[in-house]
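Colleague: Chains as they are written, first to last, in this note's numbering: chain A, 51 to 445; chain B, 2 to 619.
Just to be clear, a hint being listed does not mean it is correct.
[Stated by the list, open to error] Simulated coverage check for chain B against chain A, where a stretch passes if three residues somewhere in it have a Cβ under 8 Å from a Cβ of chain A:
no. : stretch
1   : 270-279
2   : 407-417
3   : 436-450
4   : 522-535
5   : 572-580
6   : 599-611
[What the hints assert, rightly or not] Ranges of calculated distance between the beta carbons of each label pair, as one might list FRET restraints:
no. : chain 1 : residue 1 : chain 2 : residue 2 : range
7   : B       : GLU544    : A       : MET269    : 37 to 43 Å
8   : B       : ARG232    : A       : MET377    : 56 to 62 Å
9   : A       : ASP432    : B       : ARG26     : 51 to 57 Å
[Claimed, not checked] Take a look, some chain B residues computed to stay more than 10 Å from chain A by CB distance:
no. : residue
10  : ALA10
11  : VAL119
12  : PHE135
13  : ASP364
14  : PRO427
Everything labelled a hint here was simulated from the structure, so no lab data went into it. Beta carbons: idealized from backbone N, C-alpha and C, even for Gly.
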Amino acid sequence: MELTGTCITERDGMIVIKLDNGYNIGVDPSACRWLERPEAAAPRLAEVLQDPALPGIAIISTGGTIASRIDYRTGAVTSQFNADDILRAIPRLAAIAHYRTHQVCNILSENMNPSIWQELAHGVYDAIKNGAEGVIVTHGTDTMAYSAAAISFMLDTPVPVIFVGSQRSADRPSSDNVMNALSSAAAATSPLGEVAVVMHGSPSDDWCAIHRAVRVRKMHTSRRDAFQSMGMPPIGRVGYPDLDVSLDMEARLRRTGEPLLQDRIEERCALLQFYPGMPPSLPDAFDGCRGLVIAGTGLGHVSTTWTPVLRGMIEDGATVVMTSQCMHGRVCDRVYDTGRDLLKIGVVEGEDMLPEVALVKLMWVLGQTRDQEEAAAMMRADLRGEIRRCSAHGL
Amino acid sequence: MDYDMDYEALGLKAGIEIHQQLDTREKLFCKCPTLLRDFDEHTGEFQRYLRATESEMGEIDRAAQEEMWQMRRFRYYTYDTTCLVENDDEPPAPMNREALDAALTVAKMLGMTPIRQVHMMRKLVIDGSNTSGFQRTALIAINGQVMEGCRIDTLCLEEEAAQRAGDSAFSLDRLGIPLVEITTAPCMHTPAEVQQAAEHIGMILRSTRSVKRGLGTIRQDVNISIRGGARVEIKGVQELNLIAEVVRREVIRQQHLLTIRDELNTRNASVDETVHDVTSLFSGTGSAILKRAPAVLAVRLRGYGGLVGREIQPRRRLGSEYADYARKCGVGGIFHTDELPAYGITADEVRSLFEHLQADDGDCIVIIAAGREKAECAARQVISRAAYALEGVPEETRRMLEDGSTAYMRPLPGAARMYPETDVLPVIIDTEHWESLVVPELLSGKAEQFADRLGLDPSLARQVAFSERLMIFECAVDAGVKPNLAARTLLGTLTELRRDGVQVENIADDALLQVMLAAEGGRVAKEALPELLRVVATGVPVEDAVSQTATAVTTDDLRAMVRHVLEDRADFIRGRGMAALGAIMGVIMKEVRGSVDGEVVSSVLREEMRSFLEEEKP
Numbered sequence: 051m052e053l054t055g056t057c058i059t060e061r062d063g064m065i066v067i068k069l070d071n072g073y074n075i076g077v078d079p080s081a082c083r084w085l086e087r088p089e090a091a092a093p094r095l096a097e098v099l100q101d102p103a104l105p106g107i108a109i110i111s112t113g114g115t116i117a118s119r120i121d122y123r124t125g126a127v128t129s130q131f132n133a134d135d136i137l138r139a140i141p142r143l144a145a146i147a148h149y150r151t152h153q154v155c156n157i158l159s160e161n162m163n164p165s166i167w168q169e170l171a172h173g174v175y176d177a178i179k180n181g182a183e184g185v186i187v188t189h190g191t192d193t194m195a196y197s198a199a200a201i202s203f204m205l206d207t208p209v210p211v212i213f214v215g216s217q218r219s220a221d222r223p224s225s226d227n228v229m230n231a232l233s234s235a236a237a238a239t240s241p242l243g244e245v246a247v248v249m250h251g252s253p254s255d256d257w258c259a260i261h262r263a264v265r266v267r268k269m270h271t272s273r274r275d276a277f278q279s280m281g282m283p284p285i286g287r288v289g290y291p292d293l294d295v296s297l298d299m300e301a302r303l304r305r306t307g308e309p310l311l312q313d314r315i316e317e318r319c320a321l322l323q324f325y326p327g328m329p330p331s332l333p334d335a336f337d338g339c340r341g342l343v344i345a346g347t348g349l350g351h352v353s354t355t356w357t358p359v360l361r362g363m364i365e366d367g368a369t370v371v372m373t374s375q376c377m378h379g380r381v382c383d384r385v386y387d388t389g390r391d392l393l394k395i396g397v398v399e400g401e402d403m404l405p406e407v408a409l410v411k412l413m414w415v416l417g418q419t420r421d422q423e424e425a426a427a428m429m430r431a432d433l434r435g436e437i438r439r440c441s442a443h444g445l
Numbered sequence: 002m003d004y005d006m007d008y009e010a011l012g013l014k015a016g017i018e019i020h021q022q023l024d025t026r027e028k029l030f031c032k033c034p035t036l037l038r039d040f041d042e043h044t045g046e047f048q049r050y051l052r053a054t055e056s057e058m059g060e061i062d063r064a065a066q067e068e069m070w071q072m073r074r075f076r077y078y079t080y081d082t083t084c085l086v087e088n089d090d091e092p093p094a095p096m097n098r099e100a101l102d103a104a105l106t107v108a109k110m111l112g113m114t115p116i117r118q119v120h121m122m123r124k125l126v127i128d129g130s131n132t133s134g135f136q137r138t139a140l141i142a143i144n145g146q147v148m149e150g151c152r153i154d155t156l157c158l159e160e161e162a163a164q165r166a167g168d169s170a171f172s173l174d175r176l177g178i179p180l181v182e183i184t185t186a187p188c189m190h191t192p193a194e195v196q197q198a199a200e201h202i203g204m205i206l207r208s209t210r211s212v213k214r215g216l217g218t219i220r221q222d223v224n225i226s227i228r229g230g231a232r233v234e235i236k237g238v239q240e241l242n243l244i245a246e247v248v249r250r251e252v253i254r255q256q257h258l259l260t261i262r263d264e265l266n267t268r269n270a271s272v273d274e275t276v277h278d279v280t281s282l283f284s285g286t287g288s289a290i291l292k293r294a295p296a297v298l299a300v301r302l303r304g305y306g307g308l309v310g311r312e313i314q315p316r317r318r319l320g321s322e323y324a325d326y327a328r329k330c331g332v333g334g335i336f337h338t339d340e341l342p343a344y345g346i347t348a349d350e351v352r353s354l355f356e357h358l359q360a361d362d363g364d365c366i367v368i369i370a371a372g373r374e375k376a377e378c379a380a381r382q383v384i385s386r387a388a389y390a391l392e393g394v395p396e397e398t399r400r401m402l403e404d405g406s407t408a409y410m411r412p413l414p415g416a417a418r419m420y421p422e423t424d425v426l427p428v429i430i431d432t433e434h435w436e437s438l439v440v441p442e443l444l445s446g447k448a449e450q451f452a453d454r455l456g457l458d459p460s461l462a463r464q465v466a467f468s469e470r471l472m473i474f475e476c477a478v479d480a481g482v483k484p485n486l487a488a489r490t491l492l493g494t495l496t497e498l499r500r501d502g503v504q505v506e507n508i509a510d511d512a513l514l515q516v517m518l519a520a521e522g523g524r525v526a527k528e529a530l531p532e533l534l535r536v537v538a539t540g541v542p543v544e545d546a547v548s549q550t551a552t553a554v555t556t557d558d559l560r561a562m563v564r565h566v567l568e569d570r571a572d573f574i575r576g577r578g579m580a581a582l583g584a585i586m587g588v589i590m591k592e593v594r595g596s597v598d599g600e601v602v603s604s605v606l607r608e609e610m611r612s613f614l615e616e617e618k619p
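From just these sequences and the hints, can you work out the full model?
Modeller: If you want it as structure tokens, here you go:
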């Protein structure tokens, strides 16, 4: 019995063959005979047509599932498209704006790191300097909230900078990438003037939420509406398919003026989630860190056994910030003795900041000042909307 | 229509694809039960849009492309028995091994060769029936054989699609139920052969006892072509006895299309590619549809006069095909002049239409009334389908209508609709596992065995073997119930009770077995079985039901009762003698209300009557 098909790849000792009926099968290499090796045909790419009369938007891509495709080497989905491919895949984008595209990197978001945040901040800054009326950053969703927060602190922007991704890969007909990308373009051309994340607002394809970058969190591993504003409602929404943008009173609006880039950061910072019985040797291992954010229990506590270790770190010049693993609500270390002890040794209350936002902020703050007092004051101050003056009702 | 056709001379080639749901505990890619629900039990709803994506080779499937012409919003019903995987809001779990083994077992029964490493694929389907926009499917085995000389090309393991619950609504309970798809080569040459092959494969599937039973759990697609015609795939034939009819009607359709082609060519017919705007022509029309429509467009088919209205299948005309194509653009239908004047369109209007398009009597004009964009799209569809009439039969996927005729559904999909399912790891089928799979005995073999060894009447034996209650039948016989009693109870009594509205599906197999054993052991009369089962179906435990129905009539009681009845009717018996037995029997059976076996009553009655008549003798 002989079958013919196209060899697609060799993986894990098996040859993967696409049969003429479209099915792939894996067979032992010894069972295969090569018939011919056809020239790889160059893909025909449609030209990307743009209307210069529309607002100018920059698309900066970092990779991620908004633009990903199967990798035959591993059989898994990886990000491979550049921004041009995004326009090709989503033609309706061309009716909203005209785009310049720039690729900062092409990575899955779990491989993101602070030095790429800096490159990204530069890319966004340059785009705005060059006249972009809005910027879209395509990003993998896993660490998108971290990057968005980082850009928030590093760049004071007069125009919208919209982070967007997709939870379900772009190679599926049901992908959320089309609606998210169109909504991000609508938000990027709207009166908004801050860094935001635009993603599905519900499991349906009916609206996208515009989240403030420093208040948003990925709250579900796979759902389309995984991103949620924490402690506040979204700052706006984009209807679908009409793409009407409505902004909340809280949203910072578009301004004239130049962007301000302050991209220095201190990478020697860490985030630690406390758990019952966590030995004091663990924070000890962060000796040498200039900053430490703790996601403490409840109102912001760690075991009393930690006090000496933390005191030592602070005396060595590090800034230690307390947040809560509750995710909702504000830290208060004045209620119980353990908390008061923490305040006495100089731990900074992180108010209602999300732990990971506090980490990114601490990196940035320590990039701006080496003075412990000043750093503490900046950590307590609301700089980009990351701290709410009043706590919201409910969860 | 003439069904006595020489199919060989026509060059009929047909193959079938059988889709059979598997009766696994969990779905193919999640842990949800394979349970069908009522639509009104749904607990949630969401809505999505789908769009065509490229295959990994960079092509877009033509069938998917056609679905894309309309941006359609689909609504989905969720249940407390479905999860985020059905919602396409969570990656699939690893492939269900119970389902894979069931599929492999079928492959083994068909003498197929398993695939060394199975790769799950995504088959693009964007009609809304899959939340993801694709159906997951994997080729499991190839190259088998069924009956004499008919090759099985492939066996695939797939996930079932969602059930349509309304115009654009789908119900997610069915989505993800494992399904085997068996595809034969186009090796059948008559409608009867196609039906036989479908029946035979169905029997093999049921022999595994791991498939679901009942309406909708097995569906057949039929591939048909005749010489000079084209391959047409007819989807979703649910009733086996319609298969042959579907094949016959498709042969007729293709023949008619070929005849029409020849006639068109003789007439030198052609299709005018111009789409005429005739909206103003119908500004004063009495036709509500035309009056309401923002745009009325017309297409002139030169030399098509009379042929568009010609019947090509029972209740289907060539024009019906054009209408199917036009509906792809979202229009409700079309008018053509072969059927006019009618529908409120007057002869005068038709005349001025012909004048306007400079058409003559030999022509046919198609009218489309809709929003401008939809109407233009539909006009292009009509032009392309009408032009194809000059070539013959288009390759298509069609769907079966109720009576066995078919309607256009979409173009035949190509290999470009397949894309690897990157979220599911490939599975190796090793030789050891393949060899360890036990091939079950065929139901046809069981039937012979029941006739030979158990002495059942051959047709009853076949009925038992092919029934859903085969398993409980075998248990009962093993436990000592007489085969005839078991067969009659399981096939006859239960069916009658169901027809009577008794919820027999509430009776557990174990309860059925207890009931039959009670009858076999004489604790209840066989006549009492219907009544007993009726009680058990309401949820009463078997033991309680037995004591309720069988108000223990002892032989002495029975004798006394019989005596009493005889004395009451002494004159009647004296007059008739033993001939009165039948009538008296009826009276007594009514009295004991089935709690005593008829044979027992009969023998007691016989004895007592004899002695009664003896005593009465002078």
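Colleague: Closer than 8 Å Cβ to Cβ for three or more residues is the test here. Does the stretch 407-417 of chain B pass it with chain A?
Modeller: With 3 residues closer than 8 Å to chain A, the stretch 407-417 of chain B meets the three-residue bar; holds.
Colleague: Verify that the Cβ of ALA10 of chain B lies farther than 10 Å from every Cβ atom of chain A, and report whether the claim holds or is violated.
Modeller: Nearest chain A Cβ is 31 Å from ALA10 of chain B, so the label holds.
Colleague: Quick one: see if chain A covers the stretch 522-535 of chain B, three-plus residues with Cβ-Cβ under 8 Å.
Modeller: Violated, because only 0 residues of the stretch 522-535 of chain B bring their Cβ atoms closer than 8 Å to Cβ atoms of chain A.
Colleague: Could you tell me whether the CB distance from ASP432 of chain A to ARG26 of chain B stays inside 51 to 57 Å?
Modeller: holds, 54 Å
Colleague: Would you assess whether VAL119 of chain B, listed as outside the interface, keeps its beta-carbon beyond 10 Å of every beta-carbon in chain A?
Modeller: violated, 7 Å
Colleague: Between ARG232 of chain B and MET377 of chain A, does the beta-carbon spacing fit 56 to 62 Å?
Modeller: At 59 Å between Cβs, range holds.
Colleague: Are at least 3 residues of the stretch 436-450 of chain B within less than 8 Å of chain A when you compare beta carbons?
Modeller: Coverage by chain A is violated here, the residue count being 0 at a Cβ distance below 8 Å.
Colleague: Test the statement that PHE135 of chain B is away from the interface with chain A: the closest C-beta pair must be farther apart than 10 Å.
Modeller: Violated, since 7 Å does not exceed 10 Å.
Colleague: Would ASP364 of chain B pass as off the interface with chain A, using Cβ distances and a cut of 10 Å?
Modeller: holds, 39 Å
Colleague: Using a Cβ cutoff of 8 Å, are there at least 3 residues of the stretch 599-611 of chain B near chain A, or does the coverage claim fail?
Modeller: Contact hint for the stretch 599-611 of chain B vs chain A: violated, 0 residues under 8 Å.
Colleague: Should the label of PRO427 of chain B as a non-interface residue stand, given a Cβ cut-off of 10 Å to chain A?
Modeller: violated, 6 Å
Colleague: State whether the coverage of the stretch 572-580 of chain B by chain A holds or is violated, taking the criterion as 3 or more residues with Cβ-Cβ distances under 8 Å.
Modeller: That given contact is violated, which follows from only 0 residues of the stretch 572-580 of chain B lying within Cβ reach (below 8 Å) of chain A.
Hint violations for this structure: numbers 1, 3, 4, 5, 6, 7, 11, 12, 14, all remaining hints satisfied.
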